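> Line by line, the protein sequences give chains A and B.
Each residue of the first sequence is one higher than the one before, counting from 4 in our numbering.
Each residue of the second sequence is one higher than the one before, counting from 32 in our numbering.
Hints in this document: simulated from the structure, not taken from any laboratory.
One or more of the hints may lead you astray.
[Unchecked claim] Taking lysine to any residue and the SDA-like style, the derived pairs with C-alpha atoms no more than 25 Å apart in a straight line are:
(1) K10/A with D61/B
(2) K239/B with L256/B
(3) K98/B with R48/A
(4) K97/B with K33/A
(5) K12/A with L43/B
(6) K72/B with I94/B
(7) K81/B with L92/A
(8) K81/B with Q43/A
(9) K203/B with L231/B
(10) K86/B with E37/A
(11) K223/B with E171/B
(12) K9/A with F91/B
(13) K12/A with M87/B
(14) K9/A with D45/B
(15) K37/B with I16/A
(16) K264/B with S173/B
(17) K86/B with Q18/A
(18) K9/A with V95/B
(19) K98/B with R76/A
(20) K97/B with L50/A
(21) K10/A with I271/B
(22) K81/B with T147/A
(23) K9/A with K223/B
(24) K33/A with R90/B
(25) K12/A with L71/B
(26) K9/A with Y82/B
(27) K172/B with K99/B
(28) K33/A with N100/B
(29) K203/B with Y192/B
(30) K37/B with T147/A
(31) K12/A with S74/B
[As the list claims (entries may be wrong)] Between beta-carbon pairs, the in silico distance windows are:
(32) L260/B with T157/A: 40 to 46 Å
(33) F137/A with D61/B: 34 to 40 Å
(34) Q18/A with D252/B: 56 to 62 Å
(35) E210/B with N79/A: 51 to 57 Å
(36) F137/A with N201/B: 25 to 31 Å
Bear in mind the structure is a predicted one, so any value in this text is a computation, not a measurement.
Just so it is clear, CB atoms sit at the ideal spot from N, CA and C, and this is done for glycine as well.
The primary structure of each chain is shown beneath.
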Amino acid sequence: MMKSLKKEKFELIYQQYMPMVLRRCRFLLKNEEEAFDVAQDVFIRILSKQDSLDLEAPSSLLWNSATRLCLNRIRNKTRRDLNRPTEDLLCQIACVRDERDDYEHQYLLSKLFQSEPASSRTIAVLHFIDGMTFEETARNVGLTVGQVRYRLNTLQKKLKSMEEK
Amino acid sequence: MIPDWKLERFLLGDLPELDMMQIRFEESQDDILRARINSLKESNQEILSKYPFEKMNARFQTIVDKKKNRNLLFYAPMVAAAIILVAFIPFYAPEIASLWQSPATVEIIEYAEDGTRIKGLSLNLEVWKKTSDSAEKLVEKSIVKAGDELQLRYSVPSKCYGMIFSLDGNGKVTALLAEENSSVALEAGKIKLLPYAYKLDDAPHFEKFFLVVSNEAFDLDVSQLDSLLNSKKVQVVTFIIQKEITSEGK
Numbered sequence: 004m005m006k007s008l009k010k011e012k013f014e015l016i017y018q019q020y021m022p023m024v025l026r027r028c029r030f031l032l033k034n035e036e037e038a039f040d041v042a043q044d045v046f047i048r049i050l051s052k053q054d055s056l057d058l059e060a061p062s063s064l065l066w067n068s069a070t071r072l073c074l075n076r077i078r079n080k081t082r083r084d085l086n087r088p089t090e091d092l093l094c095q096i097a098c099v100r101d102e103r104d105d106y107e108h109q110y111l112l113s114k115l116f117q118s119e120p121a122s123s124r125t126i127a128v129l130h131f132i133d134g135m136t137f138e139e140t141a142r143n144v145g146l147t148v149g150q151v152r153y154r155l156n157t158l159q160k161k162l163k164s165m166e167e168k
Numbered sequence: 032m033i034p035d036w037k038l039e040r041f042l043l044g045d046l047p048e049l050d051m052m053q054i055r056f057e058e059s060q061d062d063i064l065r066a067r068i069n070s071l072k073e074s075n076q077e078i079l080s081k082y083p084f085e086k087m088n089a090r091f092q093t094i095v096d097k098k099k100n101r102n103l104l105f106y107a108p109m110v111a112a113a114i115i116l117v118a119f120i121p122f123y124a125p126e127i128a129s130l131w132q133s134p135a136t137v138e139i140i141e142y143a144e145d146g147t148r149i150k151g152l153s154l155n156l157e158v159w160k161k162t163s164d165s166a167e168k169l170v171e172k173s174i175v176k177a178g179d180e181l182q183l184r185y186s187v188p189s190k191c192y193g194m195i196f197s198l199d200g201n202g203k204v205t206a207l208l209a210e211e212n213s214s215v216a217l218e219a220g221k222i223k224l225l226p227y228a229y230k231l232d233d234a235p236h237f238e239k240f241f242l243v244v245s246n247e248a249f250d251l252d253v254s255q256l257d258s259l260l261n262s263k264k265v266q267v268v269t270f271i272i273q274k275e276i277t278s279e280g281k
C-alpha cells in the first residue's frame, strides 16, 4: 500500500492536474472514453515513478505527456484505419514518423516529468494546434527557439512528402 | 484571445507573475474571458466529481500492482536461472568459472640460457639487434635507428594465448606475432624466436613492443588498445627502444 505521505502528494497532484489533463485529452481525441483512458495512463505513470519525479510545477510536462499519448493513440487508430479521417492537421502530425518516438517510449517512465526529450510531433501540436509561439513552445519543451524551428521545419518537410505520396 | 493552454496554467497559477497579473486584469474587463475561466472552473468540478480521487486511486493502485506483479513474473525465471548458474558453474564448468578470476594468471617457470626450464621465470620479451657478424641484446631505451634489423624472442611460463605487436612514434601498431588481429596459441617450454627479423622504418622517437598473453584467446582492436592492455584477463610485458635523432630532426 502507498504510504500516507505519498498518497497525499499524489492526491494533491491528481486534484490539481487531472481536470487539465482530461480536458487536454478530450480536446485531442474527441472521445470521452479514450480521453479518460489516456488521462488515466498519465497518472498511472506518475504513480509508478513518483519517487523519482520532480513534480514541483509539472503543468507543461503533464500537458506534453498527455499530448504525446493522445498522438500515439490517434496514430495507432489511423494505422488500424478505424474511421479516422487523415486530412486534418492533428491526424497528419500524429502519423508523421518521428525518430525520437522510440527513444521517448523507451525512456518514458524514467524520464517523465524530469528532462524527457521532446517529440517533434508534440512540438508541432503545441505550435500549430495550441497556437504557442516559438518562444512559448521552446519554454514548454525545454529547447531553444532555434531547435524548435529546426524540428518544425523537418516535420513540415515530412508532412509535405506524406501529402505528395 | 488568450489560448486555452495559457488559461489552464492561469487557473493552476503556473504562469509567470507578469502573465498572471495581465490575465487577472483582462478578466476584470472582459466578460468573454471571465466566462471562459468560469467554464473551466465548472469543468474542474465536473471532472473531479465524475472521477473522484478515492475511486480513481484504488483503480490506479490495482493497475500499478498488476504491472509490478507482471514484471516480477517476467523476471523470476531469469533470476532463478542466474542463481542456478552462479551456484553450479564452479562445480560443473571450472573452465568457465576461471574466467571470473582476475587478473589472468599463468604459471611462472624460468628458463636457463640453454632453454631448460627453471621455476620462477616471468613472462619475457627480448629485443636483439643484428650486427654485421652477430647480434646484440638490447636493453630498455637502447638507441636504434631506421634500417636497423631487430629480432624478438619471447617466453611464456605456461601454455596460453598471446600476441606481440609494436607501436611506433607515429602511433602505428604492427602485429608481429598474431593471426591477423587474433592471438595465437603459445607453447611453454623454450625461448621462442620470431620467425623473421624486424627492420625499423623511419618512424620517430621510439618503438615499443608488447607481449600480451591470456588464458583465453583475444583479438587486437587498435581503437581499443588501452582497454586490452588494462584488461584484468591479460598479462603484458613491454620493451621500449629509442630512435636516434636524424639530421632531419626525426
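> Compare the structure with each hint and give your call.
For each hint, the structure was consulted:
Taken as a hint, the K10/A and D61/B pair is broken in the structure, with Cα atoms around 39 Å apart against an allowance of 25 Å. Annotation: proposed proximity of K239/B to L256/B holds, straight-line Cα distance about 13 Å (limit 25 Å). The suggested pairing of K98/B with R48/A holds, with an alpha-carbon distance near 11 Å, which does not exceed 25 Å. A threshold of 25 Å between alpha carbons decides the hint, and for K97/B with K33/A the separation of about 29 Å lies outside it, so the pair is violated.
With a CA separation close to 16 Å, the supplied pair K12/A and L43/B stays within the 25 Å bound. Restraint check for K72/B and I94/B: the C-alpha separation of about 29 Å exceeds 25 Å, so the hint is violated. As the CA atoms of K81/B and L92/A are separated by approximately 31 Å, the hinted pair breaks the 25 Å bound. Among the hinted pairs, K81/B with Q43/A is consistent with the structure: their alpha-carbon atoms are about 13 Å apart, no more than 25 Å.
Note on K203/B and L231/B: the hinted pairing holds, with a Cα-Cα distance of about 12 Å set against a maximum of 25 Å. A threshold of 25 Å between alpha carbons decides the hint, and for K86/B with E37/A the separation of about 19 Å falls inside it, so the pair holds. For the hint pairing K223/B with E171/B, the CA-to-CA distance comes to about 20 Å; that is within 25 Å, so the pair holds. Between the alpha carbons of K9/A and F91/B the distance comes to roughly 14 Å, so the proposed pair stays at or under 25 Å and holds.
Using a Cα cut-off of 25 Å, the hinted pair K12/A and M87/B holds, with the two alpha carbons roughly 15 Å apart. Restraint check for K9/A and D45/B: the C-alpha separation of about 22 Å stays at or below 25 Å, so the hint holds. In summary, the hint linking K37/B to I16/A is supported, as the alpha carbons are separated by about 19 Å, within the 25 Å threshold. Of the pairs offered as hints, the one joining K264/B and S173/B is violated, with about 30 Å between alpha carbons and a cut-off of 25 Å exceeded.
A threshold of 25 Å between alpha carbons decides the hint, and for K86/B with Q18/A the separation of about 13 Å falls inside it, so the pair holds. Taking the CA atoms of K9/A and V95/B, the gap is near 14 Å; set against the 25 Å cutoff, the hint holds. For the given pair, K98/B sits about 20 Å from R76/A by alpha-carbon distance, which is consistent with the 25 Å threshold. For the proposed pair K97/B and L50/A, the alpha carbon gap of about 13 Å is at most 25 Å, so the pair holds.
Between K10/A and I271/B, the direct Cα distance comes to roughly 67 Å. Violation of the 25 Å bound is thereby established for this hinted pair. With a CA separation close to 39 Å, the supplied pair K81/B and T147/A exceeds the 25 Å bound. For the suggested pair K9/A and K223/B, the alpha carbons sit about 70 Å apart, so the restraint of at most 25 Å is broken. For the hint pairing K33/A with R90/B, the CA-to-CA distance comes to about 23 Å; that is within 25 Å, so the pair holds.
With a C-alpha separation of about 23 Å, the suggested pair K12/A and L71/B falls inside the 25 Å cut-off, and the hint holds. At roughly 20 Å between alpha-carbon atoms, K9/A and Y82/B fall within 25 Å of each other, so this suggested pair holds. The straight-line distance between the Cα atoms of K172/B and K99/B is roughly 63 Å, outside the 25 Å bound, and the hint therefore fails. The hinted pair formed by K33/A and N100/B fails the criterion: a straight-line CA distance of about 33 Å is larger than 25 Å.
About 23 Å separates the Cα atoms of K203/B and Y192/B, which keeps this hinted pair within 25 Å; it holds. Restraint check for K37/B and T147/A: satisfied, since their Cα atoms lie roughly 20 Å apart, inside the 25 Å limit. The hinted pair formed by K12/A and S74/B meets the criterion: a straight-line CA distance of about 23 Å does not exceed 25 Å. At about 43 Å, the beta-carbon gap between L260/B and T157/A stays in the expected band of 40 to 46 Å.
For F137/A and D61/B, the hinted distance range of 34 to 40 Å is not satisfied, since their beta carbons lie about 26 Å from each other. Taken as a hint, the range 56 to 62 Å holds for the pair Q18/A and D252/B, whose Cβ atoms sit roughly 57 Å apart. Our hint of 51 to 57 Å for E210/B and N79/A holds, since their Cβ atoms are close to 52 Å apart. The hinted window of 25 to 31 Å between F137/A and N201/B is violated, with their beta carbons roughly 50 Å apart.
Comparing the model with each earlier hint shows violations of hints 1, 4, 6, 7, 16, 21, 22, 23, 27, 28, 33, 36; every other hint is respected.
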